[in-house]
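Q: What follows is each chain in one-letter form.
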Amino acid sequence: DTGVSQDPRHKITKRGQNVTFRCDPISEHNRLYWYRQTLGQGPEFLTYFQNEAQLEKSRLLSDRFSAERPKGSFSTLEIQRTEQGDSAMYLCASSSDTGGNPTYNEQFFGPGTRLTVL
Amino acid sequence: RKEVEQDPGPFNVPEGATVAFNCTYSNSASQSFFWYRQDCRKEPKLLMSVYSSGNEDGRFTAQLNRASQYISLLIRDSKLSDSATYLCVVGGGDSWGKFQFGAGTQVVVTP
Chain A
1 DTGVSQDPRH
11 KITKRGQNVT
21 FRCDPISEHN
31 RLYWYRQTLG
41 QGPEFLTYFQ
51 NEAQLEKSRL
61 LSDRFSAERP
71 KGSFSTLEIQ
81 RTEQGDSAMY
91 LCASSSDTGG
101 NPTYNEQFFG
111 PGTRLTVL
Chain B
1 RKEVEQDPGP
11 FNVPEGATVA
21 FNCTYSNSAS
31 QSFFWYRQDC
41 RKEPKLLMSV
51 YSSGNEDGRF
61 TAQLNRASQY
71 ISLLIRDSKL
81 SDSATYLCVV
91 GGGDSWGKFQ
101 FGAGTQVVVT
111 P
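Residue numbers (this note's numbering), protein chains in the order written: chain A, 1 to 118; chain B, 1 to 111.
Hints may contain errors.
[Claimed, not checked] Cross-link-like lysine to aspartate or glutamate pairs, in silico, EDC-like; alpha carbons within 16 Å at most:
| hint | chain 1 | residue 1 | chain 2 | residue 2 |
| --- | --- | --- | --- | --- |
| 1 | B | Lys79 | B | Glu15 |
| 2 | A | Lys57 | B | Asp77 |
| 3 | B | Lys45 | A | Glu106 |
| 4 | B | Lys42 | B | Asp82 |
| 5 | B | Lys2 | A | Glu44 |
| 6 | A | Lys11 | A | Glu83 |
| 7 | A | Lys57 | A | Glu83 |
| 8 | B | Lys79 | B | Asp57 |
| 9 | A | Lys57 | A | Glu68 |
[As the list claims (entries may be wrong)] Derived DEER-like restraints, expressed as beta-carbon distance ranges:
| hint | chain 1 | residue 1 | chain 2 | residue 2 | range |
| --- | --- | --- | --- | --- | --- |
| 10 | A | Ser66 | B | Gly54 | 24 to 30 Å |
| 11 | A | Asp63 | B | Leu74 | 43 to 49 Å |
| 12 | B | Asn55 | A | Ile12 | 40 to 46 Å |
| 13 | A | Glu78 | B | Gly9 | 34 to 40 Å |
| 14 | A | Arg81 | B | Asn12 | 24 to 30 Å |
| 15 | A | Arg59 | B | Pro111 | 43 to 49 Å |
| 16 | A | Arg59 | B | Glu56 | 36 to 42 Å |
| 17 | B | Ser49 | A | Asn51 | 21 to 27 Å |
| 18 | A | Gly72 | B | Pro10 | 40 to 46 Å |
| 19 | A | Ala53 | B | Pro111 | 49 to 55 Å |
The set of hints was computed from the structure by calculation and includes no laboratory data.
This one's a predicted model, so the numbers in the text were calculated from it and none came from an experiment.
The C-beta atom is built at its ideal place from N, Cα and C for all residues, glycine as well.
Take these sequences, add in the hints, and give me the full structure.
A: Spelled out as structure tokens, the structure:
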């Protein structure tokens, strides 16, 4: 399977714990995005990377959230001191950076990590 | 006000009928427009990009109206398999890599 993969698929944690999610993009894609989706809403942009550089972060991404893409391949999203409001589906997507303006390129999504904070 | 707004539906459509719905966006600098499809508890998948001149892909037709800042999706000859949530996506307004999703329009095709 050469699609976007995410691990774990489900995570249940207690309030105050730290959690880390991993995303492996499609191998030739150099752009990687993180989104958060809650029930009845569309995905909300969190951050994106071009190669290893984090180019933008949403205001939604408080200082408890940190994302990395150290070698320009896989990425991790860490949430520290989780709160019940962090419960959501965390989606990762990747896209290529070819053909000029990358804003026109299709994003391929992974299956998501569903986080439940008790 | 949300940057991308959609009618949540549901649109209940008899099989074989036509359904159309819109999405409005607030950032006039937006450069790219898409419709994604999301099935229940699945990840979003690209349905089609939306071009300035409008475009068609089989039974699906998308239109962009930059003056009024909305995009539309029309589905002809609806199939049961078209039942899904359709997400409007707008990109490139604030930066190349930032995409805003609408909350989605639910379509239910009935036999």
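Q: So, for every hint listed, does it hold in this structure?
A: Going through the hints against the structure:
1. B:Lys79 / B:Glu15: holds (6 Å)
2. A:Lys57 / B:Asp77: violated (41 Å)
3. B:Lys45 / A:Glu106: holds (9 Å)
4. B:Lys42 / B:Asp82: holds (14 Å)
5. B:Lys2 / A:Glu44: Roughly 11 Å between the alpha carbons, so the hint for Lys2 (chain B) and Glu44 (chain A) holds.
6. A:Lys11 / A:Glu83: holds (13 Å)
7. A:Lys57 / A:Glu83: violated (20 Å)
8. B:Lys79 / B:Asp57: Holds, at roughly 15 Å.
9. A:Lys57 / A:Glu68: Since the Cα atoms of Lys57 (chain A) and Glu68 (chain A) sit roughly 12 Å apart, the hinted pair holds (cutoff 16 Å).
10. A:Ser66 / B:Gly54: 24 to 30 Å: Taking Cβ atoms as reference, Ser66 (chain A) and Gly54 (chain B) lie about 42 Å apart, which means the hint is violated.
11. A:Asp63 / B:Leu74: 43 to 49 Å: holds (44 Å)
12. B:Asn55 / A:Ile12: 40 to 46 Å: With Cβ atoms ~43 Å apart, the hint holds.
13. A:Glu78 / B:Gly9: 34 to 40 Å: The hinted range 34 to 40 Å holds for Glu78 (chain A) and Gly9 (chain B), with Cβ atoms some 36 Å apart.
14. A:Arg81 / B:Asn12: 24 to 30 Å: Violated, since Arg81 (chain A) and Asn12 (chain B) (Cβ atoms, about 44 Å apart) do not stay within the stated range.
15. A:Arg59 / B:Pro111: 43 to 49 Å: Check passed, 45 Å falls within 43 to 49 Å.
16. A:Arg59 / B:Glu56: 36 to 42 Å: holds (37 Å)
17. B:Ser49 / A:Asn51: 21 to 27 Å: holds (24 Å)
18. A:Gly72 / B:Pro10: 40 to 46 Å: Given range 40 to 46 Å: holds, Cβ gap about 42 Å.
19. A:Ala53 / B:Pro111: 49 to 55 Å: holds (51 Å)
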